[in-house]
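Engineer: So you can see what is in the structure, the chains are spelled out below.
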Amino acid sequence: MLKDYTCDEVLFDEMLAKSTSAVAHYKKFVKQFGEYDKQDFLRLKDEAKTQFFNEGITFATYNNNAEGTERIFPFDLIPRIIPAKEWDTIEKGLIQRNMAINAFLEDLYHDKKILKDGVVPHELIHTSNNLLVQMHGINPPGGIYNHISGTDVIRHSDGNYYVLEDNVRVPSGVSYVLANRNSLKKTLPKLFRQCKVQLVKEYPDQLLQMLHTVAPQGVDEPTCVVLTPGMYNSAYFEHSFLAQSMGVELVEGRDLFVEKNFVYMKTIYGPKRVDVIYRRVDDLFIDPLEFRSDSALGTAGLMQAYRAGNVALVNAPGTGVADDKAVYIYMPEIIKYYLGEEAILRNVPTYRCEKDDDFKYVMENVHQLVVKPVDESGGYGISIGTELTKAQIEEVKQTVKANRRKYIAQPIMSLSVHPTYIEEADTFEPRHIDLRTFCLLGKDFQYVLPGGLTRVALKKGTLIVNSSQGGGSKDTWILS
Amino acid sequence: MIHHYNTVYHADNSYELPVRQAVYQLLVLPESNGQQQLLDFKVESSSPNEWWTATNAFGAQCIMLAPQFPVDNIQFEIKSSVNVESINPFDRPFILPQAQWELVSSHEFKVENATFLSQTDLTHFPDRDMSHLPERDETKPVLDYLVALKSFLAREISYVQGATDAHTPADMAWQVKKGVCQDFAHVLIGWCRMIGIPARYVSGYLSQGQNFRGDAQLHAWAECLLPGDGWVGIDASNDLLVDQHYIKIAHGRDYYDCSPMTGVLISGGKQVSLHRVSVDMHANQ
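These protein sequence lines are chains A and B, in that order. When the first sequence is numbered by our numbering, its final residue is 621 and no position is left out of the sequence of numbers. When the second sequence is numbered by our numbering, its final residue is 332 and no position is left out of the sequence of numbers.
The reader is advised that the hints may include incorrect statements.
Said to hold, decoys possible - Simulated crosslink set (EDC-like; lysine to aspartate or glutamate; CA at most 20 Å straight-line):
# : chain 1 : residue 1 : chain 2 : residue 2
1 : A       : Lys542    : B       : Asp174
2 : A       : Lys496    : A       : Glu474
3 : B       : Lys157    : A       : Asp252
4 : A       : Lys257    : B       : Glu155
5 : A       : Lys501    : A       : Glu474
6 : B       : Lys157    : A       : Asp248
7 : A       : Lys337    : A       : Glu232
8 : A       : Lys254    : B       : Asp174
Honestly, the hints are just simulated from the structure, not real lab data. Remember, it's a predicted structure, so these values are computed and weren't measured experimentally.
With the rest of the complex left out, here is chain A:
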């Protein structure tokens, strides 16, 4: 069915890799997939869609009118395939990078050696909105800050993998990886078996294991919970999914209370002590006593319990200072500083608008750069030079000029493309993809989910793949 599929030569196609027929690691899939005809395919696609609908696998996008719309997360049946050897390097690179970030965070909240040594400019850190004075001197259980990291990796037209951004606050998306796999296994069972794909279903178990490794000292059988802002949050499906598949309680801030510096959850059998909180509530909302006093999503006294070492918060508050897109620039130096190693994964060249030379270059080249705010996530606030009108370019320049610390710019990376079924055209077309990975760090514990969430920019030509911007997704196959 994919035999007529072609791709523009300037783009890097995952399946064709600049040749005319499928590369080795796609051959088996293409051959098997060829046994289906279009009719079969459409039927299978509808089946998959119905499954998603029945299981309530949805995602809410917030639009400008502040009206949330819940919708089915668009899923494309053609999987993205990565050979084991390539994945091996990515996996090592992710562990390396996220371990370095953990060491960096520990340093920033204690001795600040890296700043004193001038490796990272201290002004950059001390002007970050995500640096929390409340975290200074705290020793998180197990010494872990970024327990769960959602590093975004792309493949450029040069065929190399690059880290596009680090996400060490509350990265989301893993539930869709599991849902996609489930759906694909049910829809294309034979094909899946024959291709020998590494499993992802153990993720909830690995996550729970990791949570256990960071239990407060002296707690052998920790009680873990998932803390959600509630059902109106865009990732609520994921929160409930993860709690359910780990077999732990899903709680909201009002279900918890703190007494004598211990955290308890209210249950029908009375209060039950909570030891590890996988919190999906943003830093500033977790404790009205120490952060936003108007927050109804948190629990008063949580930070004091954390400070006393009686509860683990996953991820630690204040990790956002490390995934600041201006700090990203220094990641190769950060890795070298703490681990004494060269970075395994490449960084995209990045201009810091706060620096005069970089600012000048950015002002002259907005039309061919991607300009991003340093501390937002979900693809909000990004402008891509080639898609802007003259007036919009002027607007971007003014925005950057007004707050130079807040913006960075990068060359427009030509994300690799992948054959994707496009409903309107009723055919397979190349669409840009990236990869949201999931890396777990605990005390003497490391795990990378084999694969991750391959996100697809469904609109022709566009490079923004974020699900909050209406992107879709694919199953990601790491061959064993």
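Here the structure of chain A is known, so what remains is to put chain B in place on it, guided by the hints.
Structural biologist: Just chain B now, kept in the frame of chain A:
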């Protein structure tokens, strides 16, 4: 010489509708440090409660209090007894003034003290104008300059109650040239940070019956870091350096880090809360 004080903090909160669930954080206990020693304290409340102590972001000990039943009025009384040692704030170790001023602009000093060099909404002067400040003589110790700043501030701003409130930023108080201890502290802190001297907000008790300004309530002043030496307390509202008449409770970036009482409440409807604070302090020498 050791001075012994007994302090009392009393608060009275009334609510229109009963509060179903509440947690109060009281930041009113004298801290123990090189100059003062907290000997004992007692917590009393009008309603049955659980109470415990906890550590805040800046290492201060707070009293946490959770009433066990819905209340429409709750009163607390925290009594503490504390010893304070006599000090002469001008008695400092000798450091070459030039070396001291050089430290101010050193990289390590800036990194080490970033928290108290960064302005907050309550301390920053948007125009960053320092031209009106007394001239700096770097052949004299940093403390001399801070003393001059304090006296300049005490001359320029009049101590007037009611012209400002708890949320008045420093530049506003400076514009109206009026304020209370909190405003004096914020203005001084804002200036110091502009110059590069780390400065922090301090809340505490002030010995009563000595005609000090601000002794009827919890008092506030600034602490500034003398490079190569240590923190020195400066009370611009009384034009004094801090001595044995001052009992420190806590410090922070600004007033918000040191509010004596913070309540997180869950109540069925509209809430009206009134706070009455009184501070009694007696010195037994």
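Engineer: Run the structure past the numbered hints and jot down the numbers of the failing ones, going up.
Structural biologist: 5 and 8
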